[in-house]
Every structure is written in structure tokens, then in C-alpha cells.
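Q: As a plain string of letters, each chain reads:
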Amino acid sequence: MAYTLAQIAARLGGRVLGDAEIEVAQVATLEEAASNEISFLANSRYRSRLSATRSGAVILSEADADATDLPRIVSSNPYAYFAKVSALLNPSPRVLPGVHPHAVVSIDATIDPTACIAATAVIGSGAVIGAHSVIGEGCFIGDRTVVGVGVHLNPRVVVYHDCVLGDNLIAHSGAVIGADGFGFAMEERRWLKIPQIGRVVIGKDVEIGANTTIDRGALDDTVIEDGVKLDNQIQIAHNVKIGAHTAIAGCVGIAGSTTIGKRCQIGGSAGILGHLEIADDVTIASFTLIGKSIHEAGSYAAIYPFGKTEDWRKNAVHLRHLDEMNRRIKKLEQELAKQESLKDQR
Amino acid sequence: MAYTLAQIAARLGGRVLGDAEIEVAQVATLEEAASNEISFLANSRYRSRLSATRSGAVILSEADADATDLPRIVSSNPYAYFAKVSALLNPSPRVLPGVHPHAVVSIDATIDPTACIAATAVIGSGAVIGAHSVIGEGCFIGDRTVVGVGVHLNPRVVVYHDCVLGDNLIAHSGAVIGADGFGFAMEERRWLKIPQIGRVVIGKDVEIGANTTIDRGALDDTVIEDGVKLDNQIQIAHNVKIGAHTAIAGCVGIAGSTTIGKRCQIGGSAGILGHLEIADDVTIASFTLIGKSIHEAGSYAAIYPFGKTEDWRKNAVHLRHLDEMNRRIKKLEQELAKQESLKDQR
Amino acid sequence: MAYTLAQIAARLGGRVLGDAEIEVAQVATLEEAASNEISFLANSRYRSRLSATRSGAVILSEADADATDLPRIVSSNPYAYFAKVSALLNPSPRVLPGVHPHAVVSIDATIDPTACIAATAVIGSGAVIGAHSVIGEGCFIGDRTVVGVGVHLNPRVVVYHDCVLGDNLIAHSGAVIGADGFGFAMEERRWLKIPQIGRVVIGKDVEIGANTTIDRGALDDTVIEDGVKLDNQIQIAHNVKIGAHTAIAGCVGIAGSTTIGKRCQIGGSAGILGHLEIADDVTIASFTLIGKSIHEAGSYAAIYPFGKTEDWRKNAVHLRHLDEMNRRIKKLEQELAKQESLKDQR
Numbered sequence: 001m002a003y004t005l006a007q008i009a010a011r012l013g014g015r016v017l018g019d020a021e022i023e024v025a026q027v028a029t030l031e032e033a034a035s036n037e038i039s040f041l042a043n044s045r046y047r048s049r050l051s052a053t054r055s056g057a058v059i060l061s062e063a064d065a066d067a068t069d070l071p072r073i074v075s076s077n078p079y080a081y082f083a084k085v086s087a088l089l090n091p092s093p094r095v096l097p098g099v100h101p102h103a104v105v106s107i108d109a110t111i112d113p114t115a116c117i118a119a120t121a122v123i124g125s126g127a128v129i130g131a132h133s134v135i136g137e138g139c140f141i142g143d144r145t146v147v148g149v150g151v152h153l154n155p156r157v158v159v160y161h162d163c164v165l166g167d168n169l170i171a172h173s174g175a176v177i178g179a180d181g182f183g184f185a186m187e188e189r190r191w192l193k194i195p196q197i198g199r200v201v202i203g204k205d206v207e208i209g210a211n212t213t214i215d216r217g218a219l220d221d222t223v224i225e226d227g228v229k230l231d232n233q234i235q236i237a238h239n240v241k242i243g244a245h246t247a248i249a250g251c252v253g254i255a256g257s258t259t260i261g262k263r264c265q266i267g268g269s270a271g272i273l274g275h276l277e278i279a280d281d282v283t284i285a286s287f288t289l290i291g292k293s294i295h296e297a298g299s300y301a302a303i304y305p306f307g308k309t310e311d312w313r314k315n316a317v318h319l320r321h322l323d324e325m326n327r328r329i330k331k332l333e334q335e336l337a338k339q340e341s342l343k344d345q346r
Numbered sequence: 001m002a003y004t005l006a007q008i009a010a011r012l013g014g015r016v017l018g019d020a021e022i023e024v025a026q027v028a029t030l031e032e033a034a035s036n037e038i039s040f041l042a043n044s045r046y047r048s049r050l051s052a053t054r055s056g057a058v059i060l061s062e063a064d065a066d067a068t069d070l071p072r073i074v075s076s077n078p079y080a081y082f083a084k085v086s087a088l089l090n091p092s093p094r095v096l097p098g099v100h101p102h103a104v105v106s107i108d109a110t111i112d113p114t115a116c117i118a119a120t121a122v123i124g125s126g127a128v129i130g131a132h133s134v135i136g137e138g139c140f141i142g143d144r145t146v147v148g149v150g151v152h153l154n155p156r157v158v159v160y161h162d163c164v165l166g167d168n169l170i171a172h173s174g175a176v177i178g179a180d181g182f183g184f185a186m187e188e189r190r191w192l193k194i195p196q197i198g199r200v201v202i203g204k205d206v207e208i209g210a211n212t213t214i215d216r217g218a219l220d221d222t223v224i225e226d227g228v229k230l231d232n233q234i235q236i237a238h239n240v241k242i243g244a245h246t247a248i249a250g251c252v253g254i255a256g257s258t259t260i261g262k263r264c265q266i267g268g269s270a271g272i273l274g275h276l277e278i279a280d281d282v283t284i285a286s287f288t289l290i291g292k293s294i295h296e297a298g299s300y301a302a303i304y305p306f307g308k309t310e311d312w313r314k315n316a317v318h319l320r321h322l323d324e325m326n327r328r329i330k331k332l333e334q335e336l337a338k339q340e341s342l343k344d345q346r
Numbered sequence: 001m002a003y004t005l006a007q008i009a010a011r012l013g014g015r016v017l018g019d020a021e022i023e024v025a026q027v028a029t030l031e032e033a034a035s036n037e038i039s040f041l042a043n044s045r046y047r048s049r050l051s052a053t054r055s056g057a058v059i060l061s062e063a064d065a066d067a068t069d070l071p072r073i074v075s076s077n078p079y080a081y082f083a084k085v086s087a088l089l090n091p092s093p094r095v096l097p098g099v100h101p102h103a104v105v106s107i108d109a110t111i112d113p114t115a116c117i118a119a120t121a122v123i124g125s126g127a128v129i130g131a132h133s134v135i136g137e138g139c140f141i142g143d144r145t146v147v148g149v150g151v152h153l154n155p156r157v158v159v160y161h162d163c164v165l166g167d168n169l170i171a172h173s174g175a176v177i178g179a180d181g182f183g184f185a186m187e188e189r190r191w192l193k194i195p196q197i198g199r200v201v202i203g204k205d206v207e208i209g210a211n212t213t214i215d216r217g218a219l220d221d222t223v224i225e226d227g228v229k230l231d232n233q234i235q236i237a238h239n240v241k242i243g244a245h246t247a248i249a250g251c252v253g254i255a256g257s258t259t260i261g262k263r264c265q266i267g268g269s270a271g272i273l274g275h276l277e278i279a280d281d282v283t284i285a286s287f288t289l290i291g292k293s294i295h296e297a298g299s300y301a302a303i304y305p306f307g308k309t310e311d312w313r314k315n316a317v318h319l320r321h322l323d324e325m326n327r328r329i330k331k332l333e334q335e336l337a338k339q340e341s342l343k344d345q346r
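Chains as they are written, first to last, in our numbering: chain R, 1 to 346; chain V, 1 to 346; chain E, 1 to 346.
Since the hints were derived computationally from the structure, they do not count as laboratory data. Fair warning: this is a prediction, and the values are worked out from it, not measured in the lab. There may be inaccurate statements among the hints.
No copy is singled out in the list; a pair is fine if it fits within one copy or between any two copies.
Unchecked claim - Subject to a maximum C-alpha distance of 25 Å in a straight line, what follows is the list of computed DMTMM-like cross-link-like pairs (lysine to aspartate or glutamate): (1) 330 - 23; (2) 193 - 32; (3) 193 - 143; (4) 241 - 226; (5) 331 - 21; (6) 308 - 340; (7) 343 - 112; (8) 262 - 277; (9) 241 - 280; (10) 241 - 37; (11) 292 - 310; (12) 331 - 66.
Given only the sequences and the hints, what does the whole structure look like? Please build it.
A: Next up, the structure:
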């Protein structure tokens, strides 16, 4: 499959400069692109790479429009434009509708005739699978769970009973949706399990990474709103609510009953304690633990800066004595102040 | 299924105040409960919520017994009582005994006739599955592994060969029990694998969260004692021993050969280095790395406090200079002391 | 299976002292070994344990050769020697070649006749499985993925389409290789998915732990070189390159497009931000976030030292005021300097 720049611009907009009839068959980086490929320049800082590229065409911004003679498409958002060109050149493999003979589907499940249930997938009693959805190899869909339209579950995704997956969800292998939240009451020095009777409810256009886990609610539901993007190995505890279009990087843990706003961005291996509220449009740095609610949009961080181990060791030992250091400074200030006032008195 | 307060108290104890014949069919929070549901007040701080609730009945402590006119059950431990009421109102689905035709069971495995082996589960040679246990869809039980009585493995749990799972274990999807520990010897700048020949031995009444991993021992066993509760995405390395009734939150990593005491509580994303000993009744905060043995019960922490990114940046830079800051303070102290002694001499 | 020390030394080298005809059937620790087992002393610090052991024989270094009268093998690297003895005494179970009747293999996949495809495994279209490789129960091999010779995938490993697994790879259960990287472009406050069209290419003699995830490249490939050892629950993002013989402990996260050198060692729960370069022979401590490229071999750390919670709280509060503390010290220094210069003028 290949498209001319003219054909691409006709579908996706943008202004073509140079030879509009050149054909491109794939996307690539400026460094790796061949003459039948199209690359992109999203950041003017890398403008110098244009001179060395063997790319057949380039997507770039108005500001960089004249930085090359290559055939090019000018777009107000070159990176988003590139994403669309890539989707055009790399369409999802066509789904073969039907239930594989090695799938195991409950007799009272409802499978849309355009859906695909792959080999070794298991569909529980009363489950509903929507149009054009793919339930990959070895997936498990629990009883009464409802899967929307155009959902793509890669192999070995598990969804427990009574959950709701919105349209166009993509979930990657090993994701577990709807396992019991971690809820126990202490009685006589033993833990008593609290049945987890809430659900997981996921909106539209969500993506869930490999081996990410989203627990079902204890009493009420765990809720993931539209457009949320979750990377791999994230842990979302029971009754968390994640606002629309929030993106969370890998290995983040979010404790129970915390509410996260819309359009937040959370860096890798960050954590958020339970029962907190995070406002809309909050950015949290990697490795940062949020221990209090955040009521104001903005960027928050708590990263211990790394160094050579011997330097770190020399400095870190004082962290146990910061309070004492503070008192020593205060005492010095008081002594100096006393001297000054004595001098003034003289 | 519904019970009157009188019926509940007859089974679970507690003192009924108000109309003992009111029926409740489900548990809920004070905020969400309907008139045929029962909620609970475990913390007097939230006592004001009693006035607004539409709950049919409430479980509360002696101290709050008169804080509402609603039909109520008074208990010395309202949260544990609530857990029991919820278990009563939400019994586990009945297990259908037998081996599903799409399960694959080794001819020399021993399956109790009351156990359930679900579709696409695989049971290895010489494995033993105890009475009333459920091996969920897509689970794998390795050769010679022994599964106790009343165990519930949710879909896609993997247990390697020669492990022992105690009675009433609940394991959630994606849990991997008995994979090789991370053991290598270095020889001529290459890693040489050390066969991991120990087992994983798990006691009674343990719960293991989704995608949690517990490695088999290198030579001796990895041991999880009775009543331990593990949340999701926890990594337990080879030869770790976890004492009875310890609870560990999500994303914690515990390195090899560490022994953790009984009734400990470990916060999310914490870590414990290898070859350490942690005493009984130790609490470790989230995001805290324990790098030395802890011999005394109590609460331990090491969390870097978060702030606005510009504030954090301004402050964090000094972490690389704490030793220098300390020397500057010391020098100031010495100079002031010198001045004082000079003054005294005058 | 048992071997005499003479037989072992004939195969693996080393010098036998004492009775070379004693037979050993298993390896064990000095503490736990029985009289038909062989243990090892890798570190002279533990030499005192030799006197109490009931081990039948011991592997030790030249320096410790005379520290016991037990039959013994002297080696320049006792730990590596022990690894080899253990491999000799604990050979991998023999692989039964062939495709299990409950496996699902695409008609155009190429399966070497010596390979084993276990029950409920699924092999995609155009995939190639090399000689003596084992595809465990419930594994999924995507379309056109090429699996080398002597590869062992434990149950429930997922490999997406078009990936390459080198010879002798061992992957543990729950590992996911080749899922989509986390790549989105922002357009009008929504995330637009960027198709991930690169592959994962893995070299020879690699081991991948349980529930570890390695994402496919966005445009170019994600690359794991020969001899790399990855523990459990590690997240490797798209386009990461990991140099030969690097070892990474559990729960580490590595962000996109970062290149890690050869023979590095990365401690548990550490993290490395994206688009960085880490030199060869770098050691990174547990819990340390690397936020800048490292160009020099050596050891790096950033661990906040833990303490009793009340001590931690008292000290940590000052982290938000380090910049102010620094200014206070500077002011004190200036004032003292002023006094000194005044004195000089007098």
C-alpha cells in the first residue's frame, strides 16, 4: 500500500510543497527513512537532520516549511499528522469474524456476528461482545461482562465478571481488569476479607498496557473515563476514578479511592496514596509519591537526584540530621544577633 | 437473599437497636446505601454522615450507638462485622465440581471429585488438587504441585512444578508462583545460570493479588506463612520468608533471602533489600526502601516530600551538597566559638 | 543421578582434595546439606560454617583449600563451579518433541520436529519455532515471529507478531514481548495513537523473568543483546537497547529510546528516564532514578535513607527548605566575614 502526498493531503489536510505525486509506503525516522518513506520533524531543534535524511518526503510545521527542498506536507501539528499518516499506512489487520473452534463460549453469551473470538479464549455466562470486537487468544471474559464495539483485547487479557468495557478499548496482553481490590478488616490479629462487590467501568477510546491491573470496586465502582491511556505494569486499586484523557506511564501505583482529574500526566513509577483528589491538568514527575490531595493544576515532583555512589553516601547521611542542622543554623543566627545587639549597645 | 437484623445478629453476634425485623439485601457505603441495604460507621469522625444516609440499617460501635435512630447493630469492631455481613450477603458462586472437557489434565494427576477444573486449565503430572478447590480458566499447575482444600485460583494463574499451596488460598489472575529465582554466577564476564531447585510453600488462608510473582527458592524454599495478604504486582524473590498475617500493598519488591516477621504491614511500592531480617509488627511506609535489618517493632519511613516542580528543583539541588553545607555550619560554629573564647580572654 | 568428585572434576575441571570417590547427588547450602550432597564456600567470611556442616563435600577457593578436611574441589571461582555442578545434577527435564493435540498451530507455521508445542499454546501464521525449543502451555506466538534454537518459554508467555527470539532464551510465565509501546500524539486535548511498527529483537542466552514486559519499537526496533538477564516485573519501553550481559533486578522501569551499555547491573525498582545513554559497566543502586545520561563506568545511587517514622518526619520537613537553609548559611558566612574584616581594620 502506498499513497502520494496529494492523496494523503486530500484525506488528512495539510499543505503540500514540492512534488505532490511522490509515493510513500511507510513512515520512518529522519535517520532511518528510505526514499519511499515519509518522516517528520516535530521539533525545530532537530532541523539540521533534514539535510542528511534520505527520506522521500517530510511532514513539518509552518516554521520549518522552507528548511528543506524535499517534497513535504506542512501541518500545524506535525507529530499528530505523522500519527495519522502512520495509521493510514499501517491499517489494523482485518478481523476475521466468528468464534474459533478452540474457543469456549458460554451458551448464553451474546456474541455479535462481526466479532472475533480467538482460539482458547473463554467467554462467561451472560457476557456480551460488541460488533467488530476482537477477543484474543487465551482471553477470559467473566460472567455478565459487557464488551463494547471495536474493542481489541490482545492475547491473555482477563476481565472478571460484571465489568463494562467501552468502545474502541485496546488492552494488551496480561492486563487484568476487575480482580478483587485489597480490602481486609483486622479482627483479633487476623485479616478478614471484605467481599469486593463493585465493578470496573471503562469509557471509550481507552488503552491499557501489558500486565496492567485495575481492581474492581469494594462497594462502588472503579471508573476509567474516556480517552485514558495507561502504560504497562500500572496498578489501579479499588474505587479509583481516572478522569478523561489522563495518561499514565509504566509502573505507576494508585491506591484505593483516589480520584484523578482530567488530562493529567503521571510519570513512570510514580505513586499516589489512597483517598486523595488530584485536580485536572496536573503533571506528576516520575518516581514521585503524592501523599496529599492536589487542588491546583501544575507540575509536581519529588525526585532524589542521583550521583556517584560515594558522593551520594557522603551527602545522604545528613538527611537523618536535617532537623539538627536546622537547629544549629538557628543557634548561629541567634548568637550573631546577640553579638550585633551587644555591639549596638556599646 | 435478604436477612433481618435479628437473623444477622443471631449468626454474627452484636446488639440490635431499633427495628430488628427490617430486612437488608446488600451492603453499601453510608452515601450510596438504599433503604434495603446496610452500611457501617467504623470511625466516629464520619458520624455526621449518619444524618444524611438513606441506608436501611447501620453497623456502628458502642461509642456511636446513640448517634442515629436508624435500626442498627452495635459491634465492638464495626468494620470486621461489616466484612462478615457482606460475606453473608455475597456468598461465593457455587462451584460446579468436575473437569471441563476443554481442560487438559495429566493422567496421573489426582483431582478431588469435589474440585472444579475449568476450561483450558492444564494440570501437570503427579499434581494433586484438593477438595472444593477451583482451578480457573487457563491456569497451569506444574508437575507434582500440591493444591490444598478450598483453594480458589482465578483465571490464568501459573504455579510451577513441586510447589505447595495451602488451604483456602485465593490467587488472582496473572499471579505466577514458583518461577525461577534470579540467580547467576559471573564467570569471565558472562552470567551462568544457577538452577533454582527450591520450592514455593504457601500456608493457609493466604491471598495473592493479580500479576504478583513469587519465585521458587534457589536451594531451600520460599515460604509464605498462614494468613499473609499480598496485593497486586508484588515481587517476592527466591528464599524470602514472610511471617503469618503480614499484609503487603501493591508494587512492593522484596529481594532474595529476606525474612519478614509476623503481622507486618508494608506500604505500596516499598522495597526491601536482600538477606535482611525484619522483626514482627513492623510497619513500612509506601515508597520506602529498607536497606538494613529492622530488629524493633514500629513504624519506618523514607519518603521524599513532593512539591511544585519549581520548588522541588530549587531545593533538591542542595542534596548533592549536604556534606558541604554541614562543613560550612561546623566552620561557622568553630569561628563563633573562637570569637567567644577570645572575648573571654579579653 | 549421582557423581563422584573425580567424575565431576573430569568434566568441569578443578582440583580434588580428600576422597575423590565420594558420591554426591544434589547441591545444598552448607547449613542444610546432607552427607550425599555437595555445598560451596564462595566467601572466606563464612569459613566458620565449614566446621558445622554435614555436607559430604565442598567446593571452595584456593585460599580456603585447607580450611576443612572434607572431600573438596578447589576452584578459582567456587560459585560459578557450584552453578555448573548444580546444572549437572539438575538437568532440565527431557523435552518431548511434537505438537500437543490441544495446541493450536497455524497451518503455515514452521515447527522444527524436535520442538515441543505444549497444550493450549497458540502459534500464529508464518511463525517459525527452532530445534529443541519448548513453547509452554498457554503461550502465544504472533504471526511471523521467529523463535531460535533451544528456547524455553514457560507457560503463558506472549510474544506478539514479527519479533525475533535468539537461541537459548528462557522466558518465564506472564512475560509479554512485543506489546505496543506507549506512543501518542496530543491533538486538541486528546491522545492520538501512534502505530508501533518496530519489533523486539532478542539475542542469544537471554533470560526474561515472570511478568516482565518488553514493548515493540515505535518505528525502529527494541533490542536486547546477548546474555542479558532480566528479573521479574521489569518494564522495558519501546526502542530501548540493552547491551550484552547486562543484568537488571526486579521491578525496574526503563523509559523509551534509552540505550544501556554492556555488563551493567541495575538494582531493584530503579528507573531510567527516556532518551538517555548509559555507558558500559555502570552499576545503579536499587530505588535510584537516573535522569541524565551516564558517560562514565562506575556506581551510581540516589536512595533516601529510611528511619523511624517520627525521625523521618522531623527531618524530611526541611527538604522543602534546603534552599532557604543554604541562604541562611551564606548570610551567616557573610556576616562573620564582615566582622573579621572590621576586626582587621581596627
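Q: Which of the stated hints cannot be reconciled with the structure, identified by number in ascending sequence?
A: The structure conflicts with hints 1, 5, 6, 7, 12, although it agrees with all the remaining ones.
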